[in-house]
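Peer 1: Okay, here's what each chain looks like letter by letter:
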Amino acid sequence: MEQFKSSKSDGKSDELLLSQYNESKDLGLLGDVYQRHTEMIYYVCFRYFKDSERSKDAVMQIFEELILKVDRQEIKNFQKWIYVVAKNHCLMALRADKSQKVDFSESFVEFSVAPHLEEDYATKEDRLQAMERCIEKLPEKQKIAIQLFFLQERCYKDITTLTGYSMDGVKSYIQNGKRNLKQCIEKEQDV
Amino acid sequence: MYNRPDIAQLRRYVRGELSPQQMHEIERAAEADESLMDVLIGIEAEYAQGLTHDVIPELQQRIQRRSHVPSGRTSSYIYRWIGLAASLLVVLGIGIYIFMQPESVEQQIAQHIPISEPSETIPDTTSSDDNTTMDLEEALPTKDHEKKLAYSNVEASASNRLKNSDAARQAALDTIPIQIIPSNAEELVSMSLRDEHTTLASRNSATTTQDRISMLSARAGRPMRQSNDLQSVSLQDVKSITTGIIIDHQTQKPIAGALIRDQEMNTLAKTDSTGRFIVGSTNEKPVLTIQSAGFETADHVAEGAMRIALKRAPNGAATEPRIMRNVSAKRLKSRPAIGLQAYRLYVNNLAKTSALGAGEVTLLFAINAQGRPIGISIKKSGGKKRDKEAIQILENGPNWIKGTEDELAEWTIQF
Numbered sequence: 001m002e003q004f005k006s007s008k009s010d011g012k013s014d015e016l017l018l019s020q021y022n023e024s025k026d027l028g029l030l031g032d033v034y035q036r037h038t039e040m041i042y043y044v045c046f047r048y049f050k051d052s053e054r055s056k057d058a059v060m061q062i063f064e065e066l067i068l069k070v071d072r073q074e075i076k077n078f079q080k081w082i083y084v085v086a087k088n089h090c091l092m093a094l095r096a097d098k099s100q101k102v103d104f105s106e107s108f109v110e111f112s113v114a115p116h117l118e119e120d121y122a123t124k125e126d127r128l129q130a131m132e133r134c135i136e137k138l139p140e141k142q143k144i145a146i147q148l149f150f151l152q153e154r155c156y157k158d159i160t161t162l163t164g165y166s167m168d169g170v171k172s173y174i175q176n177g178k179r180n181l182k183q184c185i186e187k188e189q190d191v
Numbered sequence: 192m193y194n195r196p197d198i199a200q201l202r203r204y205v206r207g208e209l210s211p212q213q214m215h216e217i218e219r220a221a222e223a224d225e226s227l228m229d230v231l232i233g234i235e236a237e238y239a240q241g242l243t244h245d246v247i248p249e250l251q252q253r254i255q256r257r258s259h260v261p262s263g264r265t266s267s268y269i270y271r272w273i274g275l276a277a278s279l280l281v282v283l284g285i286g287i288y289i290f291m292q293p294e295s296v297e298q299q300i301a302q303h304i305p306i307s308e309p310s311e312t313i314p315d316t317t318s319s320d321d322n323t324t325m326d327l328e329e330a331l332p333t334k335d336h337e338k339k340l341a342y343s344n345v346e347a348s349a350s351n352r353l354k355n356s357d358a359a360r361q362a363a364l365d366t367i368p369i370q371i372i373p374s375n376a377e378e379l380v381s382m383s384l385r386d387e388h389t390t391l392a393s394r395n396s397a398t399t400t401q402d403r404i405s406m407l408s409a410r411a412g413r414p415m416r417q418s419n420d421l422q423s424v425s426l427q428d429v430k431s432i433t434t435g436i437i438i439d440h441q442t443q444k445p446i447a448g449a450l451i452r453d454q455e456m457n458t459l460a461k462t463d464s465t466g467r468f469i470v471g472s473t474n475e476k477p478v479l480t481i482q483s484a485g486f487e488t489a490d491h492v493a494e495g496a497m498r499i500a501l502k503r504a505p506n507g508a509a510t511e512p513r514i515m516r517n518v519s520a521k522r523l524k525s526r527p528a529i530g531l532q533a534y535r536l537y538v539n540n541l542a543k544t545s546a547l548g549a550g551e552v553t554l555l556f557a558i559n560a561q562g563r564p565i566g567i568s569i570k571k572s573g574g575k576k577r578d579k580e581a582i583q584i585l586e587n588g589p590n591w592i593k594g595t596e597d598e599l600a601e602w603t604i605q606f
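In order, the protein sequence lines correspond to chains A and B. With the first letter of the first sequence counted as 1, position 185 gets the number 185 in the numbering used here; the numbers rise by one all the way through. Quick note, the numbering used here runs 191 ahead of the 1-based positions in the second sequence.
A few of these clues could be false.
List of simulated lysine to aspartate or glutamate pairs, EDC-like, C-alpha gap at most 16 angstroms [said to hold, decoys possible]:
#1 B/K570 x B/E598
#2 A/K56 x B/D597
#3 B/K524 x B/D578
#4 A/K80 x B/D224
#5 A/K87 x A/D71
#6 A/K87 x B/D224
#7 B/K543 x B/D578
#8 A/K80 x A/E15
#9 A/K25 x A/D57
#10 B/K502 x B/E475
#11 B/K502 x B/D490
#12 B/K570 x B/E601
#13 A/K157 x B/E216
#14 A/K182 x A/D168
#15 A/K87 x A/E136
#16 A/K182 x B/E222
#17 A/K50 x B/E235
#18 A/K182 x A/E132
#19 B/K476 x B/D490
#20 A/K157 x B/E235
#21 B/K571 x B/E601
#22 A/K56 x B/E249
#23 A/K182 x A/E136
#24 A/K87 x A/E65
#25 B/K571 x B/E551
#26 A/K157 x B/E249
#27 A/K187 x A/E136
Going by beta-carbon spacing under 10 angstroms, a handful of chain B positions derived as facing chain A [claimed, not checked]:
#28 L227
#29 L231
#30 G548
Here's a subset of chain B near chain A, in silico, CB distances under 8 angstroms, partners left out [stated by the list, open to error]:
#31 S226
#32 H259
#33 I273
#34 A276
#35 E487
If you're looking for bench data, these hints aren't it; they were derived computationally from the structure. The structure displayed is predicted, hence computed values, not measured ones. Every residue gets a Cβ at the ideal spot worked out from N, C-alpha and C, and that includes glycine.
The shape of chain A in the complex, shown without the other chains:
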């Protein structure tokens, strides 16, 4: 997660700065922590708003939200926490904005917070066998996209070239294939 931190980081962890802020109430410390994640928050907002000015405003609004919330919650991983705060802020803003609808079509990709649940499976071998069976059961496009992306390690662009699918289509097939695969494997394990 360090990849989103700004170059102004002075080596102290987010959590240490937050701890110092909680003791001193020096807003500058909170600002320093927040600035490390400004880019991430801006692009998360841009992903939902598709508007630069609105995204910039949202960044400042989320900072105000942060000032209010930071005292009330125990924050163990600031980056994950601020991401959730930022995303919720954007979704709430879109919900409040009746005229603007989120495009939930192909470009929208759902992710679970903890996508990897390997530890739930009895053995690795069982998991691999279940996965192979489930991949065969996937719809054709999803199966091809999953195989190219995960097994042959091709990038989206290559997959579009190889299959003729659109970029959004590739993302969607991979995403939906992943979801169906997971459900299928869970069913196999239940049996």
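Given the coordinates of chain A, work out where chain B should sit on it, guided by the hints.
Peer 2: Chain B only, in chain A's frame:
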């Protein structure tokens, strides 16, 4: 496990500058990390819109400005206190303006007319057969005198400010010099003469109160009523209230202590130090008789706000009734002109609004000839801020009546 890319790598990915393998790594990382995928899609959206301006420095500047305000949250408390102090100043400013507002020309002129202090030095010229010796409470600054002083400075503002409580209403009523009290006609007559015209009062000293009232009535050309015939009028019966100012026709200066008599109701009022009066009547158009020492008596039909100029009486024909009293001196303490209850209400209200927390300050001070507290000192401190505030409240507050004692006045303000 894949290495997580930074923003620069993501931008290069979006611009198509990475190899298929690098792109795949980023995509696999994004598939495993929801936040990374959101950022990646955000950067793609920005790129798709052709936005090339880097907004991040601008955003960081804005955050810097917002977050590096001196003292951070503490500053909000400072601003809160500053706001509170500013509000208090505004309130005090309004209070000062109300109490210290520029006096009218008549008031200024009136202040040049010396008002003799009620004192023990009034000559004892009462004849031995004078059975109408006044009680001390009549001779020394009495309620009427207090009303006059309070009215001269506080006036209507006191009633406006305090009108929200019964006590305040009562206090406000106390400040209005309406005299519908025939039972103390003697007092009124004697007060007016003794307070404002002591020089004239030295004449005709043997005349009794009853004689003087008789003289007034006779001069007005009407049969005299005995003082005990004067009617008692309750406030509920009052149909009209007449206000006005009595001035000297020649000098145009206000006449203090002039008597205004309602002929029908036989009620009396007296002008204050600025020459103003208020008189209530059960008659909508009462006929008022105005009398003052050294001036000709005049009759006027009341017409709301009146301005009456009295002509000076011919030489030697001064009309003033005089009553000289054998005043046995008692010593009285200084006290608020508007009454203890109203003054306490006023002071404590201001102290509460200062929001300086609970505390108590006891002040010692003298009263000057104008009824203003002077030489204020702290007898019992309640803290530096409260002491300062208490002194300010006292300095800006209503007038006091100076007592006959030389002792300093004392007042405790509860915060």
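Peer 1: B/K570 and B/E598 were given as a pair; does the straight-line alpha-carbon distance stay at or below 16 angstroms?
Peer 2: 14 angstroms, holds
Peer 1: What's the verdict on A/K157 and B/E235, does the C-alpha distance respect the 16 angstroms limit or exceed it?
Peer 2: 14 angstroms, holds
Peer 1: Assess, step by step, whether the Cα of A/K80 is no farther than 16 angstroms from the Cα of B/D224, and give holds or violated.
Peer 2: 10 angstroms, holds
Peer 1: Check whether the Cα positions of A/K56 and B/E249 lie no farther apart than 16 angstroms.
Peer 2: 9 angstroms, holds
Peer 1: Are the Cα positions of A/K56 and B/D597 separated by 16 angstroms at most?
Peer 2: Violated. A/K56 to B/D597 sits at ~74 angstroms, over the 16 angstroms cutoff.
Peer 1: Compare the distance between the alpha carbons of A/K182 and A/E136 with 16 angstroms, and conclude whether the hinted pair is satisfied.
Peer 2: OK: A/K182 and A/E136 at ~13 angstroms, within 16 angstroms.
Peer 1: With chain A as the partner, please determine if B/H259 meets the hint condition of a C-beta pair closer than 8 angstroms.
Peer 2: This interface hint holds because 5 angstroms falls under the 8 angstroms limit.
Peer 1: Next item in the hint list is B/L231. Is there a CB on chain A closer than 10 angstroms to its CB?
Peer 2: Interface hint status for B/L231: holds (8 angstroms vs cutoff 10 angstroms).
Peer 1: Is it true that the CA of B/K543 sits at most 16 angstroms from the CA of B/D578?
Peer 2: Judged against 16 angstroms, a Cα distance of about 14 angstroms means the pair holds.
Peer 1: Just to be careful, I want the Cα atoms of B/K502 and B/E475 compared with a cutoff of 16 angstroms; is the pair within it?
Peer 2: 27 angstroms, violated
Peer 1: Is the hint on B/A276 kept, meaning its closest Cβ partner in chain A is under 8 angstroms away?
Peer 2: 23 angstroms, violated
Peer 1: Run the distance test for A/K87 versus A/D71: straight-line Cα separation, threshold 16 angstroms.
Peer 2: 20 angstroms, violated
Comparing the model with each numbered hint stated earlier shows that hints 2, 3, 5, 9, 10, 14, 15, 26, 30, 33, 34 and 35 do not hold.
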